[in-house]
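In order, the protein sequences belong to chains E and S.
For the first sequence, the residue numbers in the working numbering are 1 to 424.
For the second sequence, the residue numbers in the working numbering are 425 to 851.
Hint data in this document are derived by calculation from the structure and do not stem from the laboratory.
Computed from a prediction, not measured in an experiment: that's the story for all the values here.
Some hints could be false.
What the hints assert, rightly or not - Computed beta-carbon distance windows for the label pairs:
hint: 1; chain 1: E; residue 1: GLU373; chain 2: S; residue 2: GLY819; range: 45 to 53 Å
hint: 2; chain 1: S; residue 1: GLY819; chain 2: E; residue 2: PRO30; range: 42 to 50 Å
hint: 3; chain 1: S; residue 1: ARG442; chain 2: E; residue 2: ALA359; range: 35 to 43 Å
hint: 4; chain 1: S; residue 1: ARG831; chain 2: E; residue 2: PRO30; range: 28 to 36 Å
As the list claims (entries may be wrong) - Just some of the chain S residues that point at chain E, by a computed CB distance under 7 Å:
hint: 5; residue: MET425
hint: 6; residue: PHE427
hint: 7; residue: ALA428
hint: 8; residue: ARG718
hint: 9; residue: GLN720
hint: 10; residue: ALA724
hint: 11; residue: HIS733
hint: 12; residue: LEU735
hint: 13; residue: ALA736
hint: 14; residue: GLU743
hint: 15; residue: LEU786
hint: 16; residue: GLY790
hint: 17; residue: ILE792
hint: 18; residue: VAL824
hint: 19; residue: LEU825
Claimed, not checked - A short list of chain E residues far from chain S (calculated; beta carbon distances all over 12 Å):
hint: 20; residue: ALA84
hint: 21; residue: GLU131
hint: 22; residue: ASP166
hint: 23; residue: PRO201
hint: 24; residue: PRO209
hint: 25; residue: ASP225
hint: 26; residue: PRO230
hint: 27; residue: GLU232
hint: 28; residue: ARG292
hint: 29; residue: ALA298
hint: 30; residue: ILE410
Just so it is clear, CB atoms sit at the ideal spot from N, CA and C, and this is done for glycine as well.
Below are the chains, spelled out letter by letter.
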Amino acid sequence: MDLELSPEDAAFRAEAREWLAAHVPGERLPSLETAEGFAAHRAWERTLAAGRWSVVSWPLEYGGRGASLLRRLLFEEEYYAAGAPGRVSQNGISLLAPTLLRHGTAEQRARVLPPMASGDVVWAQAWSEPEAGSDLAALRSTARRDTGGWLLSGQKTWSSRAAFADRAFGLFRSHPGADRPHQGLTYAMFPLDAPGVTVRPLGRLDGRPGFAELFLDEVFVPDEDVIGEPGEGWRVAMSTAGDERGLTLRSPGRFTAAAHRLADLWRERAAADPGGGDPCGGDPCGAGGGLRDRVADALIRARAYQLFAYTRATGPAGARPAGGGSTGARPAGGGSTAGGSTGAEASLTKVFWSELDLALHETALDLLGPYGELSDTAPDAPAGGGWADGYTFALAGPIYAGTNEIQRDIIAERLLGLPKGRRG
Amino acid sequence: MMFALDGEQTAFGRTLDRMLGGADAPGAARAWAAGDPGPGRALWRRLADAGVFALAVPETYGSVGPLPVELAVAYVELGRHAVPGPVVETAATAVLLGALAERDGTLVEGGGALAERGGTDPAAPAAPVDPVDPVDSAGRWLPRIASGQAMVTLGAPQAGPYVLDADAADAVFVVSGNALRQATGHGPVQPSQDPARRLFRPVCAGPAQATGPRPDPAVAAAGRADAPGQVGRPGQATGPSAGPARADGLRLDGPAVAAAAARAADWAAFATAAQALGVGLALLERTVAYTRQRSQFGRAIGSFQAVKHRLADVLVELEFARPLLYGAAVALAGGAPGAGAEVAAAKVAAGEAAYGAARAALQLHGAIGYTSEYDLSLWLRKARALRSAWGDPAGCRARVLAAHAARHPVKPEVGGVWHTIGDEAAR
Ligand SMILES: Cc1cc2nc3c(=O)[nH]c(=O)nc-3n(C[C@H](O)[C@H](O)[C@H](O)COP(=O)(O)OP(=O)(O)OC[C@H]3O[C@@H](n4cnc5c(N)ncnc54)[C@H](O)[C@@H]3O)c2cc1C
Numbered sequence: 001m002d003l004e005l006s007p008e009d010a011a012f013r014a015e016a017r018e019w020l021a022a023h024v025p026g027e028r029l030p031s032l033e034t035a036e037g038f039a040a041h042r043a044w045e046r047t048l049a050a051g052r053w054s055v056v057s058w059p060l061e062y063g064g065r066g067a068s069l070l071r072r073l074l075f076e077e078e079y080y081a082a083g084a085p086g087r088v089s090q091n092g093i094s095l096l097a098p099t100l101l102r103h104g105t106a107e108q109r110a111r112v113l114p115p116m117a118s119g120d121v122v123w124a125q126a127w128s129e130p131e132a133g134s135d136l137a138a139l140r141s142t143a144r145r146d147t148g149g150w151l152l153s154g155q156k157t158w159s160s161r162a163a164f165a166d167r168a169f170g171l172f173r174s175h176p177g178a179d180r181p182h183q184g185l186t187y188a189m190f191p192l193d194a195p196g197v198t199v200r201p202l203g204r205l206d207g208r209p210g211f212a213e214l215f216l217d218e219v220f221v222p223d224e225d226v227i228g229e230p231g232e233g234w235r236v237a238m239s240t241a242g243d244e245r246g247l248t249l250r251s252p253g254r255f256t257a258a259a260h261r262l263a264d265l266w267r268e269r270a271a272a273d274p275g276g277g278d279p280c281g282g283d284p285c286g287a288g289g290g291l292r293d294r295v296a297d298a299l300i301r302a303r304a305y306q307l308f309a310y311t312r313a314t315g316p317a318g319a320r321p322a323g324g325g326s327t328g329a330r331p332a333g334g335g336s337t338a339g340g341s342t343g344a345e346a347s348l349t350k351v352f353w354s355e356l357d358l359a360l361h362e363t364a365l366d367l368l369g370p371y372g373e374l375s376d377t378a379p380d381a382p383a384g385g386g387w388a389d390g391y392t393f394a395l396a397g398p399i400y401a402g403t404n405e406i407q408r409d410i411i412a413e414r415l416l417g418l419p420k421g422r423r424g
Numbered sequence: 425m426m427f428a429l430d431g432e433q434t435a436f437g438r439t440l441d442r443m444l445g446g447a448d449a450p451g452a453a454r455a456w457a458a459g460d461p462g463p464g465r466a467l468w469r470r471l472a473d474a475g476v477f478a479l480a481v482p483e484t485y486g487s488v489g490p491l492p493v494e495l496a497v498a499y500v501e502l503g504r505h506a507v508p509g510p511v512v513e514t515a516a517t518a519v520l521l522g523a524l525a526e527r528d529g530t531l532v533e534g535g536g537a538l539a540e541r542g543g544t545d546p547a548a549p550a551a552p553v554d555p556v557d558p559v560d561s562a563g564r565w566l567p568r569i570a571s572g573q574a575m576v577t578l579g580a581p582q583a584g585p586y587v588l589d590a591d592a593a594d595a596v597f598v599v600s601g602n603a604l605r606q607a608t609g610h611g612p613v614q615p616s617q618d619p620a621r622r623l624f625r626p627v628c629a630g631p632a633q634a635t636g637p638r639p640d641p642a643v644a645a646a647g648r649a650d651a652p653g654q655v656g657r658p659g660q661a662t663g664p665s666a667g668p669a670r671a672d673g674l675r676l677d678g679p680a681v682a683a684a685a686a687r688a689a690d691w692a693a694f695a696t697a698a699q700a701l702g703v704g705l706a707l708l709e710r711t712v713a714y715t716r717q718r719s720q721f722g723r724a725i726g727s728f729q730a731v732k733h734r735l736a737d738v739l740v741e742l743e744f745a746r747p748l749l750y751g752a753a754v755a756l757a758g759g760a761p762g763a764g765a766e767v768a769a770a771k772v773a774a775g776e777a778a779y780g781a782a783r784a785a786l787q788l789h790g791a792i793g794y795t796s797e798y799d800l801s802l803w804l805r806k807a808r809a810l811r812s813a814w815g816d817p818a819g820c821r822a823r824v825l826a827a828h829a830a831r832h833p834v835k836p837e838v839g840g841v842w843h844t845i846g847d848e849a850a851r
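Required output: the full structure, derived from the provided sequences and hints.
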């Protein structure tokens, strides 16, 4: 057992670091959830793609480097340590792309993936509906057969980035007579500017249009934009859910970088205000407790996630949770069914990173004292508003990608083998 | 990079699990708590036969260690099965003696160390001392530790004022400041929250009270670094068993002692973290089993979401403590300067995860979990005690922060925001 990088992996890391040092914008880009910020982030995706860094783990032919999961993790460590911008193409890259690579046709991959890699087409995920959040299988939007394709109708909601994105992918009820709610669903891709699509931006907690509602009225989708077999959409989608919650959506590098910055913030605070009645205590290593412990815990937990990911990336069977066997039960509302327990292990990861992210940002705001109240648009906001913006984003972590309550159900039932409760 | 257990390491854990599962370790723990170390010692010998104590003994002494990854695997199992005794302290002593022997040359050439012996340490009571050659001491004890003939324990500043199981151990080593002594006795038992952890204040002078066996000279000779080939492997007898009681009164001074003791304390914290993780896993396993079969309101309590979610959280905490433990193992194996902080991180995570598991286990077992007759209590009480043994959470967190500060010095330009108001007011 070791943590040594091979010379090749070390060289890969060094190459990434060097490229990022030369290209990461010196100024924080405007918020992704504004038209101006969206455009700036899209331009950054193009820069990344030009350096072949936008999708390192994809096959070469689609713009990737065919990098291993370990290299992907290393790249992301470097990426976030360098303070590089958030990824506007995240939904496409981490959710749609793995689905296409697993279930799509060669034609779909060749057509969809390269412009996704370059940021020319930004994708939104259209899964949730007003009546179908945790219980995703309760969705009601429909796909009706038409010549050469399907007609999509209904309403989707909470669709991240849809306010400015180009295309979306989602699940539709195509076989209304199916016995079970998970059956008879079809997974389709559609343009957000197609006739029949209305996009209504929704203000997220800070008022910015971070997501949107989509109204679909007989939107035509050709057969080649259906992923997998019509009626088999649930199976296809569930293989994506595992990706969404797992390492690839929220790479450990993001949290290790943030935890390091938090520890720096703690020491800055201590250096500026040594001792006295400071609630933080002057000595960052002293016995102050409280905030100091929370800072240390952020470092410890970020390291735990990083090492957990290394196990997954380099070990034969990955992390092997303890406890009882699997009940084999399929959770309501979206556990991965592909690959046995893989999806369930992603639930473990999702609960951990979302709570870490929130704890980390709450600690930063507490450390900032009176400055912690400032929004990221306040001229005085520390670190260009990064902590405040990060906090707002972290608040959603326990909700999106399947709420943590649902993840805990999956963990309990599929990893611990506890009996299925009354649900769904 | 290959950050995962290999097949052999996994199999080693499974073998220990099977062996301990069939050895009535809970019975041994109860007897131990009642002051009868017999069954515990029998278990000890079986563990030694399986190679457990050799893992901390350096190869120079004909052993196999130090092998921190394997040690972690083993100690997780010791915790899972509630094995009593100074398992952690014995391993730490092996590391201490191994480190001192390794540094013997430095000690002597440094001049001060051996010459200082006998009274420069203010904390040391004026006691008659036996000059001790660290190589000799290591040679005498390490092979016996590896083979399971010697169960030893260790007191050190990092462990607080008490020494675990001083009454049952064959030797009690005590580090204070720059001095290493062998205790000549101990005070009355100070019962721990975990009755299977028997705590004592060591006595390093005065009337001899230690009851350990006298090391056999043949074994001592065989254990010398220059004759490693003659020393037994785990499971192989390396000399006659316990002789008559004798207080050795060994004492050794010098900065090397403090350095070696610090290393030993890291290993002790590391082994404690592994033990804690095992304790947490045992608590979770038993609670899952219980909540699957205990039924209320016409259904298994494990089907209630409040129960499930609590157990899911326990699993999350334990599963994310595990990589920290192995990260610390890798750091210790490489002798990295940051190893202490990695150990501290693992100790916090494993200790808190195990304690969280204990809280959940007690709650979800209801009143039956609160009865001492029920074996669950063995793990419940250990989880709390291990949390502060060899480094409490606050101390470990401070180490993590200190290590971070050392790696990332504060940049001179930072601190700006904090002065804004003051600057405004001054203008
Ligand atoms: C910032 C953000 C971005 C998002 N982006 C997208 C996106 O891009 N695309 C998309 O399709 N969706 C997106 N979502 C939606 C997200 O996936 C859903 O919000 C989520 O699945 C929960 O559904 P809901 O909001 O309808 O809550 P509900 O399902 O109504 O749940 C409300 C509360 O009840 C709890 N609850 C529900 N059922 C159970 C149960 N069985 N047991 C215990 N508790 C239960 C939930 O855990 C939650 O706490 C996003 C959400 C947010 C906040």
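Comparing the hints with the structure gives:
1. GLU373(E) / GLY819(S): 45 to 53 Å: 33 Å, violated
2. GLY819(S) / PRO30(E): 42 to 50 Å: This hint holds: roughly 44 Å between Cβ atoms.
3. ARG442(S) / ALA359(E): 35 to 43 Å: 39 Å, holds
4. ARG831(S) / PRO30(E): 28 to 36 Å: This hint holds: roughly 32 Å between Cβ atoms.
5. MET425: Holds, about 5 Å.
6. PHE427: Holds, about 4 Å.
7. ALA428: Nearest chain E Cβ about 3 Å off; hint holds.
8. ARG718: Interface hint status for ARG718(S): violated (11 Å vs cutoff 7 Å).
9. GLN720: Not OK, violated: GLN720(S) not within 7 Å of chain E, min 13 Å.
10. ALA724: Holds, because the Cβ-Cβ distance from ALA724(S) to chain E comes to roughly 5 Å (cut-off 7 Å).
11. HIS733: Holds, about 4 Å.
12. LEU735: 6 Å, holds
13. ALA736: Holds, about 4 Å.
14. GLU743: Since chain E brings a Cβ to about 5 Å from GLU743(S), closer than 7 Å, the hint holds.
15. LEU786: 18 Å, violated
16. GLY790: At 17 Å from the nearest chain E Cβ, GLY790(S) fails the 7 Å test, so the hint is violated.
17. ILE792: 19 Å, violated
18. VAL824: With Cβ-Cβ at 5 Å, under 7 Å, it holds.
19. LEU825: Where the cut-off is 7 Å and the nearest Cβ of chain E is about 5 Å from LEU825(S), the hint holds.
20. ALA84: 19 Å, holds
21. GLU131: 21 Å, holds
22. ASP166: 37 Å, holds
23. PRO201: 33 Å, holds
24. PRO209: 30 Å, holds
25. ASP225: Label holds. Min Cβ-Cβ 38 Å, cutoff 12 Å.
26. PRO230: Non-interface label stands for PRO230(E): nearest chain S Cβ at 35 Å, farther than 12 Å.
27. GLU232: For GLU232(E), whose nearest Cβ neighbour in chain S is about 30 Å away, the distance exceeds 12 Å, so it holds.
28. ARG292: 7 Å, violated
29. ALA298: 10 Å, violated
30. ILE410: Since the minimum Cβ distance to chain S is about 8 Å, ILE410(E) lies within 12 Å and the statement is violated.
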